[in-house]
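Just so you know, numbering that gives the first Met the number 0 puts 6 at position 7 of the sequence shown, and the rest follows in order with no gaps.
Check before you lean on any hint, since a few could be wrong.
Computed Cβ-Cβ distance ranges for the label pairs, DEER-style [stated by the list, open to error]:
(1) Ser32 <-> Arg68: 16 to 22 Å
(2) Cys11 <-> Gly77: 17 to 23 Å
(3) Asn61 <-> Gln5: 26 to 32 Å
(4) Asn30 <-> Val86: 15 to 21 Å
(5) His7 <-> Asn61: 23 to 29 Å
(6) Gln44 <-> Gln5: 26 to 32 Å
(7) Gln84 <-> Pro47: 17 to 23 Å
(8) His7 <-> Pro47: 28 to 34 Å
(9) Thr10 <-> Tyr69: 16 to 22 Å
(10) Pro70 <-> Gln5: 14 to 20 Å
(11) Ala53 <-> Val80: 15 to 21 Å
(12) Gln5 <-> Asp46: 28 to 34 Å
(13) Ser78 <-> Thr10: 17 to 23 Å
Calculated pairs, SDA-like style, for lysine to any residue (alpha carbon to alpha carbon, straight line, at most 25 Å) [stated by the list, open to error]:
(14) Lys14 <-> Asn61
(15) Lys14 <-> Gly82
(16) Lys23 <-> Ser43
(17) Lys23 <-> Ser78
(18) Lys14 <-> Ile76
(19) Lys14 <-> Thr45
(20) Lys23 <-> Thr10
(21) Lys23 <-> Cys54
(22) Lys23 <-> Cys41
(23) Lys14 <-> Gln49
(24) Lys23 <-> Gly51
(25) Lys23 <-> Asn61
(26) Lys14 <-> Arg68
(27) Lys23 <-> Asn79
(28) Lys14 <-> Tyr69
(29) Lys14 <-> Thr66
(30) Lys14 <-> Leu58
(31) Lys14 <-> Arg39
(32) Lys14 <-> Thr27
(33) Lys14 <-> Asn79
(34) Lys23 <-> Val50
(35) Lys23 <-> Val64
(36) Lys23 <-> Ile73
(37) Lys23 <-> Ala13
Treat the hints as calculated values from the structure; they're not laboratory data. A virtual CB, placed ideally from N, CA and C, is assigned to each residue, including glycine.
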Amino acid sequence: MDDLRQYHRITCDAKCILYHAHSKFSGTILNISLSGVAVRLCDSQTDPMQVGEACSLILCNNPAVCTYRYPVQIARIGSNVIGLQFVDAEA
Numbered sequence: 000m001d002d003l004r005q006y007h008r009i010t011c012d013a014k015c016i017l018y019h020a021h022s023k024f025s026g027t028i029l030n031i032s033l034s035g036v037a038v039r040l041c042d043s044q045t046d047p048m049q050v051g052e053a054c055s056l057i058l059c060n061n062p063a064v065c066t067y068r069y070p071v072q073i074a075r076i077g078s079n080v081i082g083l084q085f086v087d088a089e090a
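Full structure from sequences and hints, please.
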């Protein structure tokens, strides 16, 4: 099967925080590219999440250090792994 991704993905193992609705989820970034990121959520279920919903992501586990929330949209959902697409904040 051909990989039709537009951008190369970089494997990593960095902590992150996903904000969805009024909830905060700790996670680990599995891989990242210019267009998106795959995150394994820690001890969380993705049940309340749906493809297409807007969220925000901090690329570390300390909001006091990393204050910028990247706007993302849910692209894929697994049991505890979620695919997020970066959204242009200007759009």
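Evaluated hints:
no., hint, in the structure
1, Ser32 <-> Arg68: 16 to 22 Å, "19 Å, holds"
2, Cys11 <-> Gly77: 17 to 23 Å, "18 Å, holds"
3, Asn61 <-> Gln5: 26 to 32 Å, "31 Å, holds"
4, Asn30 <-> Val86: 15 to 21 Å, "18 Å, holds"
5, His7 <-> Asn61: 23 to 29 Å, "28 Å, holds"
6, Gln44 <-> Gln5: 26 to 32 Å, "30 Å, holds"
7, Gln84 <-> Pro47: 17 to 23 Å, "19 Å, holds"
8, His7 <-> Pro47: 28 to 34 Å, "32 Å, holds"
9, Thr10 <-> Tyr69: 16 to 22 Å, "19 Å, holds"
10, Pro70 <-> Gln5: 14 to 20 Å, "19 Å, holds"
11, Ala53 <-> Val80: 15 to 21 Å, "19 Å, holds"
12, Gln5 <-> Asp46: 28 to 34 Å, "30 Å, holds"
13, Ser78 <-> Thr10: 17 to 23 Å, "20 Å, holds"
14, Lys14 <-> Asn61, "9 Å, holds"
15, Lys14 <-> Gly82, "15 Å, holds"
16, Lys23 <-> Ser43, "10 Å, holds"
17, Lys23 <-> Ser78, "17 Å, holds"
18, Lys14 <-> Ile76, "19 Å, holds"
19, Lys14 <-> Thr45, "17 Å, holds"
20, Lys23 <-> Thr10, "23 Å, holds"
21, Lys23 <-> Cys54, "10 Å, holds"
22, Lys23 <-> Cys41, "11 Å, holds"
23, Lys14 <-> Gln49, "22 Å, holds"
24, Lys23 <-> Gly51, "18 Å, holds"
25, Lys23 <-> Asn61, "12 Å, holds"
26, Lys14 <-> Arg68, "14 Å, holds"
27, Lys23 <-> Asn79, "14 Å, holds"
28, Lys14 <-> Tyr69, "14 Å, holds"
29, Lys14 <-> Thr66, "14 Å, holds"
30, Lys14 <-> Leu58, "7 Å, holds"
31, Lys14 <-> Arg39, "10 Å, holds"
32, Lys14 <-> Thr27, "4 Å, holds"
33, Lys14 <-> Asn79, "15 Å, holds"
34, Lys23 <-> Val50, "17 Å, holds"
35, Lys23 <-> Val64, "16 Å, holds"
36, Lys23 <-> Ile73, "15 Å, holds"
37, Lys23 <-> Ala13, "17 Å, holds"
Violated hints are absent here; each numbered hint is respected by the structure.
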